[in-house]
Amino acid sequence: MKVSDIFEETSFALLANKVRSGLTILGIVIGIASVIAMVSIGQGAQGTIQSSIEGLGSNLLTISPGAAQQGRGFVSSGRGGVQTLKSTDADAIAGLNGVQSVSPELQRRYQITSQVGNNTNVTVIGVREEYAAVRNTAVQSGIFITSANDRSMSHVAVIGLTTATDLFGEGADPLGKTIRINKMNFKVIGVLKAKGGSGFFNPDDTVLIPLSTMQKVLSGSDSLSTIAVSVVAKDQMALIKEEATGLLTERHHVAEPDFSIVSQEDILGTLSQVTTTFTLFLASIAGISLLVGGIGIMNMMLTAVTERTREIGLRKAIGARRKDITIQFLAEAMMLTFIGGAMGIALGWMIASGIARLAGIATIVSVQAIVLASSVSIGIGVLFGYYPARRAAELNPIDALRYE
Amino acid sequence: MIECSKIEKSYIVGGSQMPVLHGITFTVQTGEFLAIMGPSGSGKSTLMNIVGCLDSPSSGTYLLDHQDVSQLSDDELAEIRNRKIGFVFQSFNLLKRASVLRNVGLPLIYAGIDKDEREARAVESLRMASFPEEFWGHLPNQLSGGMMQRVAIARSLVNNPLLILADEPTGNLDTKTGEVVLDTFQRLNMKEGRTIILITHELYVAEHAQRIIHIRDGAIIEDKPVEHRRMANGNHYESK
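If you're matching them up, the sequences are chains A and B in order.
For the first sequence, the working numbering begins at 1 and goes up steadily by one.
For the second sequence, the working numbering begins at 1 and goes up steadily by one.
Don't read these hints as lab results, they were simulated from the structure.
Small disclaimer: the values here were computed from a predicted structure and weren't measured.
Hints are all accurate, no fakes.
Computed beta-carbon distance windows for the label pairs: (1) A/Ala-359 to B/Gly-137: 52 to 60 angstroms; (2) B/Gly-137 to A/Phe-281: 54 to 62 angstroms; (3) B/Glu-227 to A/Arg-20: 54 to 62 angstroms; (4) B/Lys-6 to A/Tyr-387: 36 to 44 angstroms; (5) A/Asp-399 to B/Glu-119: 29 to 37 angstroms.
A virtual CB, placed ideally from N, CA and C, is assigned to each residue, including glycine.
With the hints as constraints, model all of the structure from the sequences given.
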């Protein structure tokens, strides 16, 4: 039997039962479309989280005091509890090969008041000028803290947008105004660009002041709460993490690290694990409808084999071999899934972009998802078409011809 | 062309063997028109299935065109059927949704012949079965029973077989259209030199052949030429 003949016989058989073929195809369309749409939502969420984490600063290593405790993750590492990190540690790390920039930071919460009389409790971070580059942030008006500010322990502050609104009200220009942090006057020299919240910490609700001022004047402690390190190349992250661990362990004269280093990748890894689980969960729910669609195909093909028993008998009598019959029925099942798969991909794509437009959820229809859906639909054709096709091929021509 | 010797066939029914054919021996020459007759249950259908290569005998040998086909596999038998045998069934067995032309060309699909060639050969065999040209594009259910059976005859001719095997071809037809079908067979036999085996339970139909084999209880009880052969529609064809 030639391929063109198989194709012709198949379309002929499917067109003979348009409604039934159409409904069976619909089952596959719904299955494939929901897989595509669900996976696109999952992957969209993954993409959103990834870009927002990367927005916090790329190739970033974060060093915090206190050893990370097994099983408690990076969130609860003992910040503030121990004061092992010093400014000199930061300078030493800056000397490592492959380190682009180092931002030593000391963070506390203080009550801040403005001259207007508003007051708010915000996170105040003592920083050097490297903070802007390492943390991927910038001022929208005014200037950022300079190294001169740091050397002279200036009483200047760069404030986040949310803090500015809280202190001075909507739309007011806080530049040049004075705020009081812990009863000390600071002059506002800049306002940070909005970054948007990222989980536990809102970067728009912070006040940045020179690190020296923070250490000497406000907190009276020369320790650091964080050292943020930006690395030149992504593939060097692991190496530098290791080197920094060795360096600090040696500097602190301890056997086990009394600090913890978390890379952006660690955080991303944890979160992408979550989103991957989420995607899999959505896909498997959608997969159930695909399975039901596949059973629909098997059902239709079994009915067709019964209905066309005499036809099968005739075909065998006039010379069709087992293989010819198997291929013919398998081709019918596969054509159903192929058409259903193609339409399902198109529909899934439309649903995904509809969700993106109407619900505002980012969706990504990836090539992988399409390849997966196509191969699954063809696989379903083979899987659910094979049994009915074998049944047809194994019919005895004598009995089949006599079948009523 | 056909040499059957000591053909036995038994089926296993409920654990015990049930013999259907006992030592059938006969030969058919090329160009012969033979009728196999017998009441229902006589084993003539089983014999037809074996002669038509739809089934294999339990023992004995069957030489078709000098080839022993009694021990072949299902797929090998399918190929023999495709190349050497044309079937005509009582209930026509045409594909309902396919045109006359497509139905006739169907066996050639399994011979791997391409579409243009199939159509040309279908046209040729429809002419041979003297099937009127204006109905070539019709579907089977738009045709009368006699017409449908002539489509089936044309289909049986399309692969240019050695043997045409007709199983009760007039069984579903009235006498008059039955005559037309029998006439077609006689003409194919006499003018085209086709070898035909006709299976029937009616003596009247069997008498259109040259020779009749009577079967009863799985054995041949009589094998002799027809003395007063009936000619369908009173036609007389010159033997080739």
